[in-house]
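J.: The primary structure of each chain is shown beneath.
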Amino acid sequence: MAQQTLLSVENLTVQFRGDAGWVNAVEGVDFAVRAGECLGIVGESGSGKSVSALSILKLHGRANTRYASGTIRYGGHDLLTVSQRRLRQVRGGEIAMIFQDPMSSLNPVLSIADQIMEPLRQHQGLSARAARRRAVELLEMVRISDASRRIDDYPHRLSGGMRQRVMIAIAVACRPKLLIADEPTTALDVTIQSQILELLRELQREIGMSVILITHDLGVVAEFAQRVVVMYAGRVVESAAVPALFERPVHPYTEGLIRAVPDPDADVSRLATIPGNIPDPSTPIAGCRFNPRCSEAVKSCRTEPPALADAGAGHFARCPPRIAAGRTA
Amino acid sequence: MFRTISVRLMQSIPVLLLVAVLSFILMHLLPGDPAVVIAGADATPAAVERIRRELGLDQSIWRQLLSWFLNLAQGKFGSSLMLNQTVLSAVGERLPVTLSLAALSLAIPLPIGIALGILAAYFRSSWIDAGVMAIALIGVSAPSFWIAIVSVILFSVKLGWVPSAGYAPLLTAGPGAWFASLIQPAMVLSLFQIGFLARMTRSAMLDVLEQDFIRTARAKGVSEWRTVGKHGFRNALVAVVTVSGIIVSLLIGGSVVVEQVFALPGIGRLVVQGIMARDYPLIQGTMLLFGFAFVLINVAVDIVYTLVDPRVRYD
Amino acid sequence: MTDVGLVAPSTQILAERRRFRVLRKLAAHRSFKIGLVLVTVLALCAIIGPMLTGTDPTAMSIRYRFKPPSARFPFGSDQYGRDILTRVLYGGRLSLGIGFSVALLSGVFGAMIGILAGYFRALDPYVMRLMDALMAFPAILLAIGIGAALGAQASSIVVALSVAYVPRTARIVRASVLVIREMEYLQAARVSGAGDAHIIVKHVLPNCLGPLIVQLTFIFAYAILAEATLSFLGIGPPPPAPSWGNIIAEGRDYSVEAWWVMLFPGLAVSLAALGMNLLGDGLRDVLDPRLKIET
Chain C
1 MAQQTLLSVE NLTVQFRGDA GWVNAVEGVD FAVRAGECLG IVGESGSGKS VSALSILKLH
61 GRANTRYASG TIRYGGHDLL TVSQRRLRQV RGGEIAMIFQ DPMSSLNPVL SIADQIMEPL
121 RQHQGLSARA ARRRAVELLE MVRISDASRR IDDYPHRLSG GMRQRVMIAI AVACRPKLLI
181 ADEPTTALDV TIQSQILELL RELQREIGMS VILITHDLGV VAEFAQRVVV MYAGRVVESA
241 AVPALFERPV HPYTEGLIRA VPDPDADVSR LATIPGNIPD PSTPIAGCRF NPRCSEAVKS
301 CRTEPPALAD AGAGHFARCP PRIAAGRTA
Chain D
1 MFRTISVRLM QSIPVLLLVA VLSFILMHLL PGDPAVVIAG ADATPAAVER IRRELGLDQS
61 IWRQLLSWFL NLAQGKFGSS LMLNQTVLSA VGERLPVTLS LAALSLAIPL PIGIALGILA
121 AYFRSSWIDA GVMAIALIGV SAPSFWIAIV SVILFSVKLG WVPSAGYAPL LTAGPGAWFA
181 SLIQPAMVLS LFQIGFLARM TRSAMLDVLE QDFIRTARAK GVSEWRTVGK HGFRNALVAV
241 VTVSGIIVSL LIGGSVVVEQ VFALPGIGRL VVQGIMARDY PLIQGTMLLF GFAFVLINVA
301 VDIVYTLVDP RVRYD
Chain V
1 MTDVGLVAPS TQILAERRRF RVLRKLAAHR SFKIGLVLVT VLALCAIIGP MLTGTDPTAM
61 SIRYRFKPPS ARFPFGSDQY GRDILTRVLY GGRLSLGIGF SVALLSGVFG AMIGILAGYF
121 RALDPYVMRL MDALMAFPAI LLAIGIGAAL GAQASSIVVA LSVAYVPRTA RIVRASVLVI
181 REMEYLQAAR VSGAGDAHII VKHVLPNCLG PLIVQLTFIF AYAILAEATL SFLGIGPPPP
241 APSWGNIIAE GRDYSVEAWW VMLFPGLAVS LAALGMNLLG DGLRDVLDPR LKIET
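Chains as they are written, first to last, in this note's numbering: chain C, 1 to 329; chain D, 1 to 315; chain V, 1 to 295.
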């Protein structure tokens, strides 16, 4: 467990421009990823997990987004304040990212070759010929058959799974230290999903990179991640090592999420859902943001915004009543 | 490539035929009797009758249409009544003027309009965007003949920089005089094109810059310049190429007006003269040539389109 | 039956809410507001302006030839001593009237042809090839030809420009019809036995209105410019009745000495086209779902 911290996000608040001024998309987010590990970030859509991930490389549109507070510590610097030049070195060179929808993430009018060669030429200064040779190797590495021919195709000729493989090839082209995978399999067929995740795991081992795996699927986290961060309504509500989280979830929301994962051995009728919906970020909720959906909410939950507190052994949660009670499910 | 071109040419045949029929019908819908116009107001009925027979106007409309097509098949586009020459040679003589004007009026606005559109989109909602869009709006809103007159007063009469009218041929008068005679009309024409292109490019770029693959390019560490110029513009180009047919059409229409104001002896001026003189065969022939040119330009545009957008193929 | 009773009002409420949202977005759209003000002011000037000046736009006076702008002739006077302001106000009636009529005619015929071609697919190839062929002639040339044939008068300009713009309108309407006819609610209506006429009026037409209105706004702008151009070329409403185009045409020969004769009608044309373009930009941002809203 003596791994070094590679990147840490501290007290990150990101705001989007709404109809009535700036709205917090995520607020006071903290998490860290260690060298070589896979960190899962879990939450429903709108929980802020993608917003946090995109902030690491400052990939939000400038006009409508504001990084209101926080630091993203990486290599002794804050990525939110480093020079544009340095940021570009990090992007694709040291920290790479793949996205949810491989259909729209590749440029439709540029060839696969062009798109894979770009980071190689940019960051490693390879010649066109060397970059092309390396690009073919990368395509083979992500198991695209007939790579030397496929490389001159355009994205529309590839299936969704193949495109995500191409995206992965682009991402690992420069052997990054960290790969951020933002729901990499959500848009794909179930059968393809496990292949892609398996590929990611192999590449992680081979390159020795860290992975931040963003997903709404706790099952995926259980299988691939070592540690996990649970987000709800723009905040981190719980973070822990994977076994600890599944054995002793502290936050009622985490508990609900775990209960909602279908267990192949269990009776289907016991599959639970969490009542209610994720709140709209433009209408603030006093106290704990989960309180309207929480069956155990007490008076202080409706007034006091809870802090993320230590529940012991590196297990943090944002639920004072349960931590105080020392109670775990 | 050869396949694409031939497929697209085959597809344009019905439209070409319709264009030929339409230019025939247009002239025959016109009230008034060409024979009377040609013979003059005080010609004897016998003289009018003779001319009518010479032109084949005494035959049924179907016979006339048939002979129109038979003539076209032999490359005969008819002869002008007022010029005593064939339509083809009249157009051929004036083609260099119109082509010179068109070439300049594409060369100036294409880079300027597109660059302004990209700038406005990239700096969306800033003062740059507002400024560019204001210029573009003025460009598409001010009538070109009026701009031409104002421009002549300013640059020819007051400042004396360029001639106010007339054309200096490239070969006989030299490139300097040629350029001087065309730059003002070309600038006047360009103003509208710049406005049109800037508005088009901006809205295409706004669309493209929101796409996921732009984010991918940034995530790869590609510079802003390349992200916008290569990843963004290559996609916006598809939209710009799509409207280039309209640009050419506007250019042809605009050149008719500008040739008139600057007394440039081009095809546009020829047509206007023909219409005023009721030179029916000339109008018919030139309209047909314009129509053909436009259809073929659109074929060319479609072919360029397949080069710019790999998703489109005529198979 | 109870289902229908429950569903019908809710969709109606939704439609009403959407209409309200469109209006609110338009009210917040800057260029739409500027355009609306410009067009309204110009239209009011054209409609009631002539009544206020009390001068005859064709009244000549040798004594007042080429007077520069002054209190008596705010826009100056021309070679016949006519008041340019009065002529520009009267000209606005004609020019804006022509622009409006062209937009209306191309809208009606363009929508009819576009819906026929898009809805009855058997007609489509024939109708659209014909439209393509018509579009092969540059709009302004087609208008010059037709205008010259029908004679120099306002109505022939309206016909000529409408013929030129109908194909462009038909194309846009057809494109939206093609999208709409594949929608599930339309299939549902057809399955439940609704006739073609009912489906067209009730479902197809309302859904092409957005793009159609946007297109017509721009056609209005083009038509104002084209009318001025045609009048300038001598194929417009004949003098002495003023239109913006023929005032400029008459002022052209004296443009150096009496710049005001052509300056003010030119500004009027530009402002009118500018106003319609701004209106069109606003409408497109709000009504055309493909493009994002900007403020």
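Keep in mind the hints are simulated off the structure, nothing from the lab. Be careful, since some hints might not be right.
Unchecked claim - Distance condition first, Cα-Cα at most 30 Å in a straight line; then the derived DSS-like pairs of lysine-lysine:
(1) C/K58 - D/K230
(2) V/K25 - V/K202
(3) D/K158 - V/K67
Model, not experiment: these values are computed from the prediction.
J.: Compare the structure with each hint and give your call.
T.: Here's how the hints hold up against the structure:
| no. | hint | verdict |
| --- | --- | --- |
| 1 | C/K58 - D/K230 | 21 Å, holds |
| 2 | V/K25 - V/K202 | 25 Å, holds |
| 3 | D/K158 - V/K67 | 21 Å, holds |
The structure shown violates none of the earlier numbered hints.
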